[in-house]
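Enquirer: Each chain, letter by letter, is given below.
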Amino acid sequence: MGINRRDFLKQGAFLLAAASQAGWISKAVTAQDEPMIEAYPGAGIETWKCSVCRLCPGGCGIKVRLVDGRPVKIEGNPLSPVNRGGLCPAGHAGLQVLFNSDRISTPLKRVGERGENRWEAISWEEALQLFYDYLLKLRNEKTPHHLLVLDGESRGLQKRLLERFLEAYGTPNYFNLSSQEPSSLPFLLMHGRKNTPGYDFQNTRFILSFGNDFLDSEGPPSRMAYLFGELRQNPGRNRVKIVQIDPRLSTTAVKADRWIPLNPGTYGALALGVAHIMVVEGLYNKTFVENHTFGFEDWVDNKGNSHIGFKTLLLKEYYPEKVSGITGVPIDDIIRVARSFAENQPGIAIWGRGVTNHSNALFSQMAIHALNALVGSINSPGGILEAPPEPPTGLPPLVQDKLAQWGSAQSPVFQYRGAKLPATMESLAYLLDNIQSGEPYPIEVALLIHTNPLFELPEKERFQKALEKIPFVVSFSSEMDESSIWADLILPDHTYLEKWDLDYEVPQLPFTQVTISQPIIQPRFNTRHIGDVILSCARLLGGSVQKSLPETDYRGLVQKEAEALFRSHRGFITSGQFEDFFQSFLSRRGFKYQEFATFEEFWEALLKEGSWLEIPQPVSDLFPRLSTPSGKFEFFSQTFYHQYKALPHHVQNVLKSDSPLSMALSKGDQAFLPHFEEPNVNGDSIEYPYFLYPFSILTLFDGKMANRPLLMEMVGFRRNVQWDSWAEINPETARELNIRHGDWIWIESPRGRVKVRAHLYPGAMPGMVYLPLGLGHTASGKYASQKGVNPNDILVFDYDPLGGSIARNSTRVKIYKASVA
Amino acid sequence: MKLTKSKSWIILFIGLLLIVVSVTVIARNDEVKQPIAFNHKKHVDNNVPCNFCHRLYETTRAAGIPSVKVCITCHEDVLYVTPEKAKIQTYYREGKDIPWRRIYQAPDHVFFSHRLHIQKGQVECKQCHGEVKTRITPFTQQTVPLKMKYCISCHEGVESIDNPYECIRCHH
Amino acid sequence: MGYDPDEILYKPIEKPSPVFWYTVAGLLVIIGWALFMYVRQLYLGLGVTGMNQPVSWGFYIVNFVFFIGISHAGTLISAILRLSKAEWRRPITRMAEVITAIVLAIGGLHPIIDLGRPDRLLNIFRTGRLQSPLLWDVTSITAYFTASTVYLYIPLIPDIAILRDRGAKPQWLYKFLSWGYQGTERQKHVLERAMNILMVMVIPIAVSVHTVISYIFSMTLQPGWHSTIFGPYFVVGAIFSGIAALLIVMIAFRKVFHFEAYLKEVHFRYLGNLLLIMSLLWFYFTFSEYLTGYFGHEPFEMRVFFYKFSGKYAPYYWGMVMCNFVIPVLILSFKKTKRIPGILIAAIAVTIGMWLERLIIVVPSLANTRLPYPTGIYVPSLVEWSLLIGAVSVFVLGFVLFSRFFPLISVWEIKEGRETSVKEVSERLESYLPDTESVRY
Amino acid sequence: MPRWGMVIDLDKCTGCGACVAACKQENNVAYNTPEEAERGRTLSWINIMTEVEGEYPHLRVRYLPLPCMHCDNPPCIKVCPVRATYKADNGIVAQIYPRCIGCRYCMAACPYTVKDFNWFEPQWDPEIKKTTNPDVSLRPKGVVEKCTFCHHRLIKAREQAALEGREMLEEEYQPACVETCPANAMFFGDLDDPNSIVARLSRSPRAFRLMEDLGTEPKVYYLSEGEKII
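Protein chains in written order, with this note's numbering: chain A, 38 to 858; chain B, 82 to 253; chain C, 445 to 885; chain D, 7 to 236.
Worth flagging that the hints you see were computed from the coordinates, not collected in a lab. Note that the Cβ used here is the ideal one computed from N, Cα and C, for glycine as well.
These stretches of chain D come out as covered by chain C in the derived footprint (C-beta under 8 Å, 3 or more residues):
id, stretch
1, 40-46
2, 84-92
3, 101-109
4, 113-124
5, 147-159
6, 214-227
Straight line, CA to CA, 25 Å or less: simulated PhoX-like cross-link-like pairs of lysine-lysine:
id, chain 1, residue 1, chain 2, residue 2
7, C, Lys708, C, Lys459
8, C, Lys779, C, Lys699
9, A, Lys100, D, Lys135
10, B, Lys201, D, Lys162
So here's chain A without its partners, still in its complex pose (with noise of 0.2 Å):
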């Protein structure tokens, strides 16, 4: 039977009508054509796509499986260079985040009074000008700097806009939250560098730990686990010894070699001891404390006054028997970590919040980094490394009106009054202060950005206070929170899988990476990028502003930054099968170096395969001059000398009557030595005999993730805990106070007191009392709030006077049965 010309010409039509329907169909199934997908219920077209996870600093690229354009599951991307394919449970949660029934919708401006939570919607135009308004306000009267920004989540290229427009706005006022620790201020001052190093895990053989969880709570979850895995077992290497110094059985303690537990905050006495040990046993590594240091030996400075050096403080001051006193570990042990970690070399000395959370931080930290010179992990494979280099940038260059170059240079709000120490003595506190006494300048706007200090921080009535002494509140938030409730306006951000952004600020990589984040769906309500607010406000202010931020929208700054990466002919587009580790990918060859004619094929492998990498060049010069006064590295901090030296008479005097420093300086050149200092302790060890340890959990973070429950009902899996709190108590404290397990407890310190319930753990020291932070939401969702106890709320405000970090593990409590009730 042929085809007649009516039939053919009838069924070409049909069949050019179905060509045009299926590229149509596949473009409504991506871009979530609604009717579309009831149209085809069950479809089950499935769909990837790449973005990055920013639930945490960790920065772990993610694959999301779509279904039907419906998104059900986040998984690692295994071609991401920090993570290679695995996913922390809070990852996981992602979704929840993105389809939760607590998120702001809409722009919200106060109606109530601040904390009642009550609001009215308002539309963006509205919203934006009020935001407009307060911005030129501020420029018009000439005190851009009255702007302080709070910042617990931006990277990368958000990171970046943010800071931009910041100076070109004309305020030094930019405080990041999430960095607060673990704090970079020892690499500063014995290293000459102000950001964290990469850590070169991959090739250490041993790991002595101080305070850093990084199993569970500390640095980028999935990474450190698959870094674990990696070196723990698999043929071929050998397995790297772990330590763990801690005064909580943590989940690394579980799995490290051994778990040395120590009094709490005393951490630096110990690395001082088993530095002790290895300068008396001549353990160190004496080629590169020569050549490479600097204060070690006794030395004379050029004026001829003559200095102690780190050898002789060592010595005298720092024997086992002492040291064993101070922090209640056996000599034995001292002896032993101190060969074993000389023996296994390369190592690394690690120092996590265990150690940042004393008021004595920056001088255990000082202590813990000078183990890594002695062994002359400085700089060397298995080391501590350079920081990797930054991502080109697609921006123009920064243009300042007069305004914006003067406002910059004001002292910022979060240092200490008059100390114009450039390094040191920025904190939270001293912020706080600043602000309450409108010293010395009054804050007229704060923009919180994705933070929640008055959640996350103690006494949260001290926030609140300097909250009220700000006219103009703006949180950026998607989901109401504590301090959000605190705000005049809201300008819900999108989520993070709503969201175009560049990522690249992971802490201690070894190399740099970029990671892009994408939108996985349309954004679901009337959210707005941040950074597009930002980019609106700039060409509204115009000037200068506009000039250094000309991009009208996010996206296409996006774009621009991922063309600079293009053309900067640096580095390559993951994709292909990884090796395990980036020394022997690069011995091997296993990268595939992708060459892309043009932007447009780069932008879409980089849609495609998710991250952008550049392993650092082999250093050819073993050990390049450091940036400190001697070019060495520093046991004694001349940074910190001159700074001090610098310092107005005055304030050398309230330094020595009012801080900690005042011991230490009294003790002359220890005080730029590393060395240890008695932690601040609150609370009357008469009255309230336990400490109190808050810890952080893989789950809940800082406390952003409660309102998901797949995490609150994970929340203690470990311990068999859900939806709640628990405090860790050693079986035979609580035999003592007559506790079972699973009884009610009052824990009570001098600033209140909480009732959550006892849980019996012999991993808990005696005269200890644990309790994980991210729980007892008041004003966060339906699935956070009311569940389990914050910490915070009875910690004593204190902090690291120079380090700046806040002193969390610093309370002393008693512990006392609840009634039943």
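Given chain A, work out where chains B, C and D should sit, using these hints.
Expert: Only chains B, C and D this time, still in chain A's reference frame:
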């Protein structure tokens, strides 16, 4: 007359039974009314390929009920408007989809894949949907009762299926 | 009809006291409440109970085992006594059989109450796996229920005929149920044959029922369950609790209906002896069960063991030992205490004790998982308590209703006893004795 | 016919719980209210068990991820009265929700306590329900559920391979927990294929299975923790 009392009980019981039975029988007759008097035969006769409308059956789990946008590609002419065509155009204009009533819907706990049956199993449409090609009215009820028994009856004879009783193939 | 010496036996049927109605109404209220609770459970799901993840079985299974256990009272005792021609059985058998029938129905319902999806109950027949001990149960309980109802009904026929002839109301019921029984020789003969066959059949069925129930537990690998003596252990426990329940019922109805003339001290003494024997036997089984477990000292077994001995379940465990062994043995060993009040106390103690025993078997093994699972402690909820009380009420109601329509003491057996037994027994006795002629020789 | 099995390297496992989260997300395991969780009714197809031995400071703590063991000789299927749980040809112990009558006998019989029961009708937050996986059915109240080794992924992979006219590759089928494990501590594959990584690891001297003495022949192998030095 004590027996009448018991008899009345029995009559009542039988009456109730009858009501229940008739209600179930009526309820089982679940014919539905479709919004448009769709004529499969006409479309087939006009050489419209199956996958023009049901465009997913070869590639995905679902067969795909065409959305109004698919219908309108052919039925947008306004010259010869039949009442049925007018309905399509109205739906399209209003931006609504045709409210087809689904007849063939696997329950939530059954996972059926059209493409596997069509592509690998070489099953013809009519095996489950009856003679579609000659049908001049829209479906108002299942032509073949799609119960598990029916699935099994087919699977039992097939060589390439190693175990027709593997429950988790379809229930997961 | 002239004067009937057993007039008092018809009294509850022909002249029911108003107390009957109050009792029925009261029980109906309780049952209604339980029913409401059950409907609520049906609607909401099994979550309304106190069961949880490791303890996935609770009161319902305990009650199931317990009630099925009690059902052994009846048929087994009456069958054995009939079979062994124990003459003192005559006033007891009926009550025992009634217990069996009612309690079996209640017990048999419990697994259904326990189901998460009772709507899919028929799956058991549609796609049942005969390999599952649960299905053996279904089979044996059904068989036992059928057998024991028939076994209750057949000896009841002559009594129903008597009632019909006496003109008791409702006449249609008796007419219908008496099956045209006129007491002819042939009818008597057929009835006797039927009874004899059933008597023999019912005993193995009854034994099998509780053995199979014990298999539900012992066929698994769980510590504390995986035991070979569970079959006989359960059967002994079942008969034990059955006798106790029978004693309670006898004492109660003796008091209510003034059956003192029929249920005499001697009956209680004999049954008391039986209870004592069973108590000792029960102790023997318990002892060997736990002693062997203890000697093996398998760690998981020991966890369960100590959970019962000194852990959370110690009060129940020692309570059970008190109730099942110490109290009955002390009471029943001494003539002084072996009187009706004492026996009543012992019987109640044994009933409670046996219920506790079922609890102790079911829950601790589940609560002590082999892995460090978040151990949930089992706290029964209001629903479960309500249903337990409801089940007991159904039992009482069933008994009360039965007593309203049928004589609780087998009238014809009493009559037969009066008329023929004395002669028969003396003949039988004589046949036991050594032959006088051979002695002379 | 392959025999699917899993190997979990406890030396690599950090007990991070990613497997637990991934599983809940992949398999639409319902969330319970805090009150229900308090009563021990949390549904979780894979759990992390914490074993603690010793006294402070000499402790030995072990994290043990516990999915269904998919025993070759499963105690649970023997007792099921309706064949709602049975062993599939490829060794996966399956649970058929539409057939289960909810008697919980299998839960009582399982020595590993890995079966979960839906005590109530799962209450899905309407927002969160939008993210459920369409490949896995939502369970009604009153049925038992358990780990399926993400069997739906096998079905999908096999379907894909069949349509492309080739054999399915082992890598194509990985359960969600294995796929997500950040420490790469979990391995999955065909135990009968002598070249597969699971077969090799299962023969390792470090390999052991839980309660081997019960004769359940679990198909989940653990690699014991390496010795601790220093």
